[in-house]
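Peer 1: Dock chain B against chain A, hints included.
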Amino acid sequence: MTTNILLCGVGGQGTLLASNLLAECAMEAEFDVKKSEIHGMAQRGGSVVSHVRFGERICSPIIRKGECDILLAFEELEALRWTEFLKPGGLVITNAQNILPMSVSAGNAVYPKNITQILGQMSVQTISVDAIGKAKELGNQKCLNVVLLGVLARQISQIKPEIWPEMIKKMLPAKLQELNLKAFNTGWNLA
Amino acid sequence: MTHTGNRAFLSGNAAIARGAWESGIRFASAYPGTPSTEILEYCGTYKEIDAQWAVNEKTAMETVIGASYGGARSICAQKHVGLNVAADPFFTVAYTGVNAGLVIVSADDPGMHSSQNEQDNRHYAMMAKIPMFEPSNSQEAKDMTIAAIKLSEEFDTTVMIRTTTRISHSESIVSLGERETTPEREFVRDMAKYCVLPHNARRLHTKVEERQKKIAELGCKSPFNRIEEGNRSIGIITSGISYCHAREIFPDASYLKLGLTYPFPTELIKQFAASVDKLIVIEENDPFLETAVRSMGISCTGKDRLPICGELNPDIIHASLAELVSKPMPTITPAAKVDIPVRPPVLCPGCPHRGVFYTLRKLNCTVTGDIGCYSLGAFAPHNAMHTIVCMGASVTSAMGIEKAMKEKVHGKLVAVLGESTFMHSGITGLIDTVYNKGRHVTMILDNSITAMTGHQQNPSSGKTLKGEATKSLNIEAMCRACGVTNVHTVDPFDLKLLEDTLKEALNDTEPAVIITRRPCFLLKDYKPQVRLVSINRDKCVKCGMCWKLGCPAIEVSPEDGKTVINSALCVHCGLCASVCRPGAITQAKEEAK
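One line per chain: the protein sequences are A and B, in this order.
Just so we're aligned: the first sequence equals residues 1 to 191 in our numbering.
Just so we're aligned: the second sequence equals residues 1001 to 1593 in our numbering.
Isolated chain A, as found in the complex:
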């Protein structure tokens, strides 16, 4: 059984750290793991995506359209952009945040309204959380990524719950651990 998780967002939101943590946790849980993302030009405020796949043996690092189990979206428009990767009945976890692309902020395009509703009408399950609000409550909106990781972790029964905080401690510098452990627990209890 292979588990396919696609993380998407806007350059600068911290999707890369979240996908690193996820992949390392899957490795700790003794799965074969592959992760693929594109660095470079797209990072500058552009649309970013990470593919994380784990299971007994992983060949391609890229998730096929229609085979993604969980889409973890850091931004609502990005959730909509990547839904075709989801398998029928797959799960979208989305941070209820809107970041306007340049075309919208310049008034040349329209940001779709009621994305949660649009997702609700599709053949997918949806969990929408105010992760950015929770991150701000924790005093640092940069921990948005770990709040969302907590929401995601709750949905992944293949990885034992205790692995997540262990790996957060292992991978993050000491001064960031307390905040991120709190952020993870907040996310875990959010949905």
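Since the hints were derived computationally from the structure, they do not count as laboratory data.
Just so we're clear, the structure is a prediction, and the values are computed from it rather than from any experiment.
Treat the hints loosely; a few may be bogus.
[As the list claims (entries may be wrong)] With beta-carbon atoms standing in for the labels, derived distance ranges: (1) Cys1220(B) x Ala109(A): 52 to 62 Å; (2) Phe1091(B) x Glu84(A): 43 to 53 Å; (3) Ala109(A) x Ala1568(B): 19 to 29 Å.
[As the list claims (entries may be wrong)] Capping the alpha-carbon separation at 20 Å, the derived lysine to aspartate or glutamate pairs in DMTMM-like fashion look like this: (4) Lys142(A) x Asp1525(B); (5) Lys1278(B) x Glu1229(B); (6) Lys1327(B) x Asp69(A); (7) Lys1337(B) x Glu84(A); (8) Lys1303(B) x Glu1323(B).
Even glycine gets a Cβ: it sits at the ideal position worked out from N, Cα and C.
Peer 2: Okay, now just chain B, sitting in the frame of chain A:
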């Protein structure tokens, strides 16, 4: 990257660096370029590897060639187009061979995620007659780096490792080993080998051809070229990332999985082809392996069905060869019936380049661009560029446009490039411009770092790759030494001064240089003075001046059409305040506490 026991989760680039360390490499050099950049950055994390940023790919390669001659196992790495810059030494080191092992990495970018073309550099290996490895995952990236060093010393040849973006930037599990300690190799005078005078080079070429045959034979026995037995009704020849994608679609087929791809292991290919019913060659971009297979008189399916343009992925392979695949295409979740606005990359809030493009647009200049963050000046709303070709071409192509169009572009023509690109290959163009009596303006956007590739030090930043202090190149003095009399330095956030200086430079009949100097806003140690920017929306008249800046923090309200400043994104650079006509946006005079 974490290390768990003797395993680690590494990108292809990190794995190549690990392989470099384990194989006893002592010297590494490169110019940054996506997707190869991190190879040198990771090499720099090992204290035993002397890793350095070079001015360009040619100097990097020549330096590692010297290091190999001098007895140190060495590596250089570049993106595919970087190998064009280094092609001159590349072709000749194929003749001289090496002293200590020498590995050259070419990181290609199928799909052009961050590049200006998708040239397939496997052709370089064939053209230069240099053996080539193509890893399929991070473990192979490490193993092949170690094998490449061995092959290099055993056969007295440079060895190329060709990755692609999906290998360089994908991560997978790697078993770690220890570093091999190697005795230093003495550098002895051997003019017949190291001095490529024609009479020596003729003999060396003969040696190269003999070496080619021997390595092709070795390739038939190499563990990196293996037949994976499966159902013989379909046989697939593949390499690199394409192997991983193909395995998803044809899990039961027979495979000839090639890793030491060049020189072609001809006998192995023939043997495999004869053992299967239908032969398919699956590879990204050009029909490199396929042409070799066909030249042996073997018929196969390949680029008649699979695309040449863009990256491959399992979906494309499945759709291209659908009738041969036993499972159906996955059911795709139908897309929502709404328009989804695109989200291309943008200049960051606080970017020092923003004011430059605003001014170039305002003065309606003809702009030749270059490779770097400022390439984003070609996107809306800036639309401030006419051409982008390759590293350094802004200056020289401006010169050519001037030669062709003469007075039609006089007073309008500006070449725009960053300081790192200027040192890479803009300097030669500037000398050319002065020597051949050009008069266009060259703008050097100096943001104190090589930014687009993720902040690498360069010769004017005052630090080495390892973070040590070093001399810093004086760009103004360099331009004057090239013969430019009018060298101006301005703060790109001082829009009035920038505009006045540009007008003066454009009116000049001699070539002028304007250096716009302000650090990249994302630079770690950069702590600019913050004076808060605010908006009085009652005063906003929707004139749209601030929208022309293309700042992600400036939004148009869908309710009243007036400007909104997104406080989560704004970094208070103040550029919008300086263009706001009605005085709705203002910046505090005092520094924020």
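Peer 1: Look at each hint and say if it fits the structure.
Peer 2: Each hint, compared with the structure:
{"no.": "1", "hint": "Cys1220(B) x Ala109(A): 52 to 62 Å", "in the structure": "56 Å, holds"}
{"no.": "2", "hint": "Phe1091(B) x Glu84(A): 43 to 53 Å", "in the structure": "45 Å, holds"}
{"no.": "3", "hint": "Ala109(A) x Ala1568(B): 19 to 29 Å", "in the structure": "20 Å, holds"}
{"no.": "4", "hint": "Lys142(A) x Asp1525(B)", "in the structure": "19 Å, holds"}
{"no.": "5", "hint": "Lys1278(B) x Glu1229(B)", "in the structure": "14 Å, holds"}
{"no.": "6", "hint": "Lys1327(B) x Asp69(A)", "in the structure": "19 Å, holds"}
{"no.": "7", "hint": "Lys1337(B) x Glu84(A)", "in the structure": "12 Å, holds"}
{"no.": "8", "hint": "Lys1303(B) x Glu1323(B)", "in the structure": "16 Å, holds"}
In summary, this structure violates none of the numbered hints.
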